[in-house]
Amino acid sequence: AQTVTQSQPEMSVQEAETVTLSCTYDTSESDYYLFWYKQPPSRQMILVIRQEAYKQQNATENRFSVNFQKAAKSFSLKISDSQLGDAAMYFCAYRSYYNQGGKLIFGQGTELSVKP
Amino acid sequence: DAGITQSPRYKITETGRQVTLMCHQTWSHSYMFWYRQDLGHGLRLIYYSAAADITDKGEVPDGYVVSRSKTENFPLTLESATRSQTSVYFCASTRQGLSTEAFFGQGTRLTVV
Numbered sequence: 005a006q007t008v009t010q011s012q013p014e015m016s017v018q019e020a021e022t023v024t025l026s027c028t029y030d031t032s033e034s035d036y037y038l039f040w041y042k043q044p045p046s047r048q049m050i051l052v053i054r055q056e057a058y059k060q061q062n063a064t065e066n067r068f069s070v071n072f073q074k075a076a077k078s079f080s081l082k083i084s085d086s087q088l089g090d091a092a093m094y095f096c097a098y099r100s101y102y103n104q105g106g107k108l109i110f111g112q113g114t115e116l117s118v119k120p
Numbered sequence: 005d006a007g008i009t010q011s012p013r014y015k016i017t018e019t020g021r022q023v024t025l026m027c028h029q030t031w032s033h034s035y036m037f038w039y040r041q042d043l044g045h046g047l048r049l050i051y052y053s054a055a056a057d058i059t060d061k062g063e064v065p066d067g068y069v070v071s072r073s074k075t076e077n078f079p080l081t082l083e084s085a086t087r088s089q090t091s092v093y094f095c096a097s098t099r100q101g102l103s104t105e106a107f108f109g110q111g112t113r114l115t116v117v
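Going down the list, the sequences are from chains B and C.
In our numbering, each number is its position in the first sequence, counted from 1, plus 4.
In our numbering, each number is its position in the second sequence, counted from 1, plus 4.
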């Protein structure tokens, strides 16, 4: 079975600075997808970024980028130029490429606070 | 309105009562999911469904029942609520195709007293 681990329950960053959230996962599969979701206080789950395991190039979405290390099974999220609106709970998630119903396996979450 | 909606948003119930959480999506997505969110555990899968009349257990199915008679609805029933089922429940859906995004409802905060 696949597992996802986020070892940082809480992180803090100064506004305009850069922060990196860590995520590791365990799988025996070679093809899969990885996601970062943001959950602000409204509880809404918002997709931040997605990475396909077969792509070597790291995904980037504006101020958000990932460092995907397939051999190390590591998938960290870097937030550049942090803004107050980035304060939220962040979840790393795994989805198998194979037909397992498309279900997501989540990490425990990292709560990010942004200091003005 | 298009999207995925859950009802109710908040619910307080007593131990032993049956309670049903509703989930409705307007996209005709094939796959639907129920997760529960607890501090320190992230989101854990309770049940999922690949299509109408097809459901399967997730990681934490005990004490829950689901049905899916119509593609757009996926209700979750707690047959006899326990305090350990106090949680925030999320419904999600995704269309067929594993690279596609999962869309989540707003969540239901359930308190069992």
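If you're looking for bench data, these hints aren't it; they were derived computationally from the structure.
Since we're looking at a predicted model, the values are computed, not measured.
All residues carry an ideal CB built from backbone N, CA and C; glycine is no exception.
Any given hint could turn out to be false.
Claimed, not checked - What follows is a set of in silico ranges between Cβ atoms, one per label pair, in the way DEER data are often shown:
| # | chain 1 | residue 1 | chain 2 | residue 2 | range |
| --- | --- | --- | --- | --- | --- |
| 1 | B | Glu56 | C | Gly20 | 27 to 35 Å |
| 2 | B | Ala75 | C | Thr24 | 42 to 50 Å |
| 3 | C | Pro65 | B | Asp30 | 34 to 42 Å |
| 4 | B | Glu14 | C | Thr81 | 29 to 37 Å |
| 5 | B | Lys59 | C | Glu83 | 23 to 31 Å |
| 6 | B | Asn62 | C | Gln22 | 33 to 41 Å |
| 7 | B | Thr24 | C | Lys74 | 42 to 50 Å |
| 8 | B | Thr7 | C | Arg113 | 24 to 32 Å |
| 9 | C | Thr81 | B | Lys59 | 24 to 32 Å |
| 10 | C | Pro12 | B | Ser32 | 19 to 27 Å |
| 11 | B | Thr24 | C | Met26 | 18 to 26 Å |
| 12 | C | Thr19 | B | Asn62 | 45 to 53 Å |
| 13 | B | Gln73 | C | Gln22 | 43 to 51 Å |
| 14 | C | Ser73 | B | Glu14 | 41 to 49 Å |
Hint-by-hint comparison with the structure:
1. B:Glu56 <-> C:Gly20: 27 to 35 Å: Violated: the Cβ-Cβ distance is about 46 Å, outside 27 to 35 Å.
2. B:Ala75 <-> C:Thr24: 42 to 50 Å: Cβ of Ala75 (chain B) to Cβ of Thr24 (chain C): about 46 Å, so the range 42 to 50 Å holds.
3. C:Pro65 <-> B:Asp30: 34 to 42 Å: At roughly 22 Å between Cβ atoms, Asp30 (chain B) and Pro65 (chain C) fall outside 34 to 42 Å, so the hint is violated.
4. B:Glu14 <-> C:Thr81: 29 to 37 Å: Holds, at about 35 Å.
5. B:Lys59 <-> C:Glu83: 23 to 31 Å: Violated - the Cβ-Cβ distance for Lys59 (chain B) and Glu83 (chain C), about 44 Å, lies outside 23 to 31 Å.
6. B:Asn62 <-> C:Gln22: 33 to 41 Å: violated, 48 Å
7. B:Thr24 <-> C:Lys74: 42 to 50 Å: Holds, since Thr24 (chain B) and Lys74 (chain C) (Cβ atoms, about 44 Å apart) stay within the stated range.
8. B:Thr7 <-> C:Arg113: 24 to 32 Å: Between Thr7 (chain B) and Arg113 (chain C), where Cβ atoms are some 27 Å apart, the hint holds.
9. C:Thr81 <-> B:Lys59: 24 to 32 Å: violated, 41 Å
10. C:Pro12 <-> B:Ser32: 19 to 27 Å: violated, 41 Å
11. B:Thr24 <-> C:Met26: 18 to 26 Å: violated, 39 Å
12. C:Thr19 <-> B:Asn62: 45 to 53 Å: holds, 48 Å
13. B:Gln73 <-> C:Gln22: 43 to 51 Å: Check passed, 47 Å falls within 43 to 51 Å.
14. C:Ser73 <-> B:Glu14: 41 to 49 Å: Since Ser73 (chain C) and Glu14 (chain B) have Cβ atoms about 43 Å apart, the given range 41 to 49 Å holds.
The earlier numbered hints that this structure contradicts are 1, 3, 5, 6, 9, 10, 11.
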